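Protein sequence lines correspond, in order, to chains A and B.
When we follow the working numbering, the leftmost residue of the first sequence carries the number 1, and every step to the right adds one.
When we follow the working numbering, the leftmost residue of the second sequence carries the number 1, and every step to the right adds one.
Note that these hints are calculated values from the structure, not bench results.
Some hints could be false.
Copies of the same chain look alike in the list, so a pair counts if it works inside one copy or between any two.
Once the Cα atoms are required to be at most 30 Å apart in a straight line, the calculated DSSO-like pairs of lysine-lysine come out as [as the list claims (entries may be wrong)]: (1) K167 <-> K115; (2) K202 <-> K123; (3) K202 <-> K55; (4) K118 <-> K167.
Just so we're clear, the structure is a prediction, and the values are computed from it rather than from any experiment.
Number of protein chains: 2
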Amino acid sequence: MREVFHHSLEDVQLRLVEIAELVTVAIDKATNAFGSGDIALAEEVIADDSVIDDKAVALDELAIEILARQQPVARDLRIVVTALRVSASLERMGDIAEHIAQLTRMRFPERAIPKGLKSTFRKMGELDVDVARQLTELLRTEDLDLAGEIRNADDAIDELHVSVFEKVLSDSWQGEAGATVDATLASRYHERFADHAVSVAKKVVYLATGTWARDEEEDTVSA
Amino acid sequence: MREVFHHSLEDVQLRLVEIAELVTVAIDKATNAFGSGDIALAEEVIADDSVIDDKAVALDELAIEILARQQPVARDLRIVVTALRVSASLERMGDIAEHIAQLTRMRFPERAIPKGLKSTFRKMGELDVDVARQLTELLRTEDLDLAGEIRNADDAIDELHVSVFEKVLSDSWQGEAGATVDATLASRYHERFADHAVSVAKKVVYLATGTWARDEEEDTVSA
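Okay, chain A solo, but in the shape it has when bound:
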């Protein structure tokens, strides 16, 4: 019985890493589709989101079954509780990637990315993919240095997010209302990825150390 139990716990962690990998792919494709107006790539992200959702539900079911049957304590309990929390955040990151893909599709054959903001969104997208990769590694290795890197990347993304609003609200902004709406939503989506990553990283720190970092405000006020 013990051995079966430990297999299950290992399975929990492997599944979290697998979901994080799928989320990384979704963010990579969605931000690239948004930048290039690639409708086929956007459609892939939209079609694949249900895979992430299903895997998150399956992981939750496994976690609850472990709680019910194995009644884990100490670190084993922390693994299971963390998995329940982290899977919700990863699932949400997948949804946000889907939103960016939907924005891309809605504007097709135009590009959703407003003029004058292309390089800003490219940088945000690249940082978001970096963050998702770091998060996957953090879940795989529990190397807590990665939590600090994720926080730094989040700060950089927050600065870019603020710069989008500075641009949109400046006298030089020529965009029509549609471009302003797109910039506002897209920037918020790009920023939320990193917020979720910071939140997950804190939960992994809890897993590794047993100390509950209070879930402070990651979310930057937008405008």
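Could you slot chain B onto chain A? The hints should help.
Frame of chain A; chain B shown alone:
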């Protein structure tokens, strides 16, 4: 020991209801402050959000302690797992109320609510408060009819959310970029309250029935 245990479980539910009540007050104050430009009311929401955050953290700690010490099964386990999930959503609803209050503060002494959208946002705000009240009652009573009412209100809020974008993207829209940004963000925030409420309601249905409703997409694509 049994009696102590049941006290704890009852305590979990009472604490969830208490947090939901605080969130309802925050949504009520924030949407009213947004509609009227009442800076003092907005400041109250911002100051009080940490109370919600602290109570959510304390509830999580209690839930984890119960898992560790009491190793609940069956319905008792479902109460604890649901509490962990619901507290995260309630905490997030409090954050969103704070965001609306921050928008109000940022535009003061102007009103954040863009011209031509006043009655739309008033209706959204009223529906959001209704939803938060229904959610509180659902947590208190487990009356599952309330879950259906919450879903209906969410549909109505989604329609209003779509109408904001129709307005902003119409030829008659005279707002400058700042007003467009405010309308976009505020509408998204108002809509997210109800999404979270629907998500929590599903979790309460799980608690009552033991059947896991798949967490489908509540989130409306914005534009």
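Against the structure, the hints:
1. K167 <-> K115: both (11 Å within a copy, 22 Å between copies)
2. K202 <-> K123: within (24 Å within a copy, 37 Å between copies)
3. K202 <-> K55: both (22 Å within a copy, 18 Å between copies)
4. K118 <-> K167: For K118 and K167, the Cα distance is within 30 Å both inside one copy (12 Å) and across copies (26 Å).
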